[in-house]
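The sequence shown begins at 0 in numbering that gives the first Met the number 0 and counts up one residue at a time.
It is worth saying that the hints were derived from the structure and are not from the lab.
Please note: incorrect hints may appear among the correct ones.
To be verified - Derived pair list, reagent style DSSO-like, types lysine-lysine, alpha-carbon separation capped at 27 Å: (1) K422 <-> K458; (2) K47 <-> K360; (3) K433 <-> K448; (4) K195 <-> K259; (5) K335 <-> K174; (6) K448 <-> K420; (7) K242 <-> K92; (8) K433 <-> K422; (9) K415 <-> K443; (10) K261 <-> K344; (11) K420 <-> K433; (12) K360 <-> K321; (13) K255 <-> K92; (14) K255 <-> K321; (15) K242 <-> K174; (16) K443 <-> K360; (17) K448 <-> K415.
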Amino acid sequence: MQNVRVRFAPSPTGALHIGGLRTALYNYLFARNQAGVFVLRIEDTDQKRYVAGAEEYIIEALDWAGITPDEGPGIGGDYGPYRQSERRETYRKYTQHLLDSGHAYYAFDTEEELDRRRESEKAAGNHNFRYDATTRGDMRNSLSLGPNETDRLLSADTPYVVRLRVDPGQVVHIKDRVRGDVAFRSEEVDDKVLMKADGLPTYHLANVVDDHLMEITHVIRGEEWLPSTALHVLLYRAFGWEKTMPEFAHLPLLLKPTGKGKLSKRDGQQLGFPVFPLDWGQRGSDEYLSGFRETGFLPEATLNFLAFLGWNPGTEQEIFSKQELIEAFDLDRINKSGAQYDFEKARWYNQQYLISTPAEKLAPRIAHVFTENGYPIDEEAAATIAELLQERVHTLAEFFEQGIYFVARVGINDEKTARKKWKPDQRPTFEQLKNRLAGIDRWKADRIKEEAVAFMQEKGLGFGAVLPILRLAVSGTVNGPDAFAILEAVGREETIARLGEGFNLMDRIVAGERN
Numbered sequence: 000m001q002n003v004r005v006r007f008a009p010s011p012t013g014a015l016h017i018g019g020l021r022t023a024l025y026n027y028l029f030a031r032n033q034a035g036v037f038v039l040r041i042e043d044t045d046q047k048r049y050v051a052g053a054e055e056y057i058i059e060a061l062d063w064a065g066i067t068p069d070e071g072p073g074i075g076g077d078y079g080p081y082r083q084s085e086r087r088e089t090y091r092k093y094t095q096h097l098l099d100s101g102h103a104y105y106a107f108d109t110e111e112e113l114d115r116r117r118e119s120e121k122a123a124g125n126h127n128f129r130y131d132a133t134t135r136g137d138m139r140n141s142l143s144l145g146p147n148e149t150d151r152l153l154s155a156d157t158p159y160v161v162r163l164r165v166d167p168g169q170v171v172h173i174k175d176r177v178r179g180d181v182a183f184r185s186e187e188v189d190d191k192v193l194m195k196a197d198g199l200p201t202y203h204l205a206n207v208v209d210d211h212l213m214e215i216t217h218v219i220r221g222e223e224w225l226p227s228t229a230l231h232v233l234l235y236r237a238f239g240w241e242k243t244m245p246e247f248a249h250l251p252l253l254l255k256p257t258g259k260g261k262l263s264k265r266d267g268q269q270l271g272f273p274v275f276p277l278d279w280g281q282r283g284s285d286e287y288l289s290g291f292r293e294t295g296f297l298p299e300a301t302l303n304f305l306a307f308l309g310w311n312p313g314t315e316q317e318i319f320s321k322q323e324l325i326e327a328f329d330l331d332r333i334n335k336s337g338a339q340y341d342f343e344k345a346r347w348y349n350q351q352y353l354i355s356t357p358a359e360k361l362a363p364r365i366a367h368v369f370t371e372n373g374y375p376i377d378e379e380a381a382a383t384i385a386e387l388l389q390e391r392v393h394t395l396a397e398f399f400e401q402g403i404y405f406v407a408r409v410g411i412n413d414e415k416t417a418r419k420k421w422k423p424d425q426r427p428t429f430e431q432l433k434n435r436l437a438g439i440d441r442w443k444a445d446r447i448k449e450e451a452v453a454f455m456q457e458k459g460l461g462f463g464a465v466l467p468i469l470r471l472a473v474s475g476t477v478n479g480p481d482a483f484a485i486l487e488a489v490g491r492e493e494t495i496a497r498l499g500e501g502f503n504l505m506d507r508i509v510a511g512e513r514n
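Between the sequences and the hints, there should be enough to build the whole structure, so can you do that?
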């Protein structure tokens, strides 16, 4: 049986898009399903686009999501190094092999010469100039110049790139696990640069060489790489590796919420939802990008949401643990069509996980959210808040947004209800209730309710007259969990203080209406 080896090979050119995290997830699930190996490889040969901190971001995002590589930078393995910038000599060796075998050639054209040729082609009506078999004879390269001139230029240290020689008349058949049979003609492929003037390989060369040397068996990547696969197959042929090249599976695009067009970082910025796993950049800056983690998503829920963006298990089940995803995952159940990004669905997934997670397990995360917002609480208090709010919120951040009244006095947020429910002439009655509650021997929700109900019966008051006032005074709103549970969580002294302050505020609100 074939030993499955897959890789996730991001470029550290910025924050890892949520689509990249999905690609990593599918590779990880397939590897685990097949008892195989999941490799992280950093493709950092494009030094012009390299962004400091991006590699660390990628590793942190995978760690947060629980997508753990078996091999990679900082992990080790028998096929390293796992950063392409550390594999230069390997790429030079294989580039020379292609040159020696006639499958590649030196090209000495300067950028200015290439620009002039593009302009002349454009003036002649050809707006898609390509460096290929039809044009290479007119350019400055080792095929057109001959060996003597080529040797002279090389001896003079003339800058050059190395291009793949793609001859016409070849047919490239690709059996894609998602797309089925895909065919390309070599005339559709230009003579791509394999080695740049700086001595670093392009993505195409490094990708094929590394996949071969690392014995990658399946390449699972985004749909946008499908057109490049023809070039990669031609490279495998040139090296004589076609019989051992990996299987391909090209994943569907992640689409905008409208279903039209590819999801971009601007969609998240403009529509107010994250399209990255973690925050990137400084809050408030134009370059800031919000992340699922900081927005308050659980990694387990995020993975469940992402798994269904392009794959389905063939059943009605929607909630999967990571282990259940591993057991159910099948490349043949990946969809061909693009997956529409539905952030409300992501929130729904997160809510389901919040509801099903024991309060004591949520407590450290909730305590962290409150602390980050300037209100440090211990895990016992956080667990209480979790129990009261976990069925009402969609994200960890909403525990604070909806439960700030547990730690701070927020005033009266619902003035409309205050005007409707508060009768200043009943102030003495509510003062009596406040004093009655202050004397309770055991400050628990059931005991508070018992005393409040007894008082209401004595005064002939209904729940509709009393509970809204208690809620408004203590939490600022009539919405929320059980009123008596709120009072217990806030505490006796703080509750009594808030009732007095709240009655004063409602007096002023009503008086203001009458002015």
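Comparing the hints with the structure gives:
1. K422 <-> K458: Holds: K422 and K458 sit about 15 Å apart, inside 27 Å.
2. K47 <-> K360: violated (44 Å)
3. K433 <-> K448: holds (13 Å)
4. K195 <-> K259: violated (36 Å)
5. K335 <-> K174: Between K335 and K174 the Cα gap is close to 14 Å, so the pair holds against 27 Å.
6. K448 <-> K420: Since the Cα atoms of K448 and K420 sit roughly 20 Å apart, the hinted pair holds (cutoff 27 Å).
7. K242 <-> K92: Cα-Cα ~21 Å, so holds.
8. K433 <-> K422: holds (16 Å)
9. K415 <-> K443: Cα-Cα ~30 Å, so violated.
10. K261 <-> K344: holds (18 Å)
11. K420 <-> K433: With Cα atoms ~17 Å apart, K420 and K433 stay inside 27 Å; holds.
12. K360 <-> K321: This hinted pair holds, its Cα atoms lying about 17 Å apart.
13. K255 <-> K92: Given pair K255, K92 is violated - Cα atoms ~43 Å apart, limit 27 Å.
14. K255 <-> K321: holds (26 Å)
15. K242 <-> K174: holds (13 Å)
16. K443 <-> K360: holds (23 Å)
17. K448 <-> K415: holds (26 Å)
Violated hints for the displayed structure, listed by number in ascending order: 2, 4, 9 and 13.
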